[in-house]
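Chemist: Using my numbering, the letters of the sequence shown map in sequence onto residues 2 to 105.
Bear in mind the hints are in silico, worked out from the structure with no lab data behind them. All C-beta atoms, glycine included, are put in the ideal place defined by N, C-alpha and C. Honestly, I wouldn't trust all of these hints.
Derived CB-CB ranges, DEER-like [stated by the list, open to error]: (1) Thr105 with Thr19: 15 to 23 Å; (2) Thr3 with Leu47: 38 to 46 Å; (3) Tyr20 with Arg64: 12 to 20 Å; (4) Leu96 with Asn67: 18 to 26 Å; (5) Lys42 with Ser97: 18 to 26 Å; (6) Arg64 with Ala21: 34 to 42 Å; (7) Ala21 with Arg74: 15 to 23 Å; (8) Lys81 with Ser50: 18 to 26 Å; (9) Trp87 with Gln49: 18 to 26 Å; (10) Leu41 with Thr79: 29 to 37 Å; (11) Ala11 with Gln101: 12 to 20 Å; (12) Leu8 with Arg43: 32 to 40 Å.
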Amino acid sequence: MTPIKLLVQATQRPEGRTYAEYESVNECMEGICKMYEEHLKRMNPLCQSITYGVGQLFEFIDRMVNLSCLVFREDTQTYKPYSREWIKERIYMLLSQQAQKART
């Protein structure tokens, strides 16, 4: 397991900064998807079910002031930063894997 810190700043206000810790890259990417799903539920409180496309998720990510990951590296005992583009690539890979599993 690789410790990951997800840094989130949704608005320009400094008090809007937050972070979350995860045990794996996939767990972190699922956490970002859940964050978007919670946002959709707040925006559409009367909807029974929420559906969205990956493009909509990426737009949500791009609207964040900051969204980045710090991934712990065992070899150097340091955290390596990754950008929102890396996050979007990882989310796309995760969702593709999940879609492939659902088809089989």
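Chemist: Checking against the hints above, which ones are violated?
Modeler: Failing hints, ascending: 1, 6, 8, 9, 11, 12.
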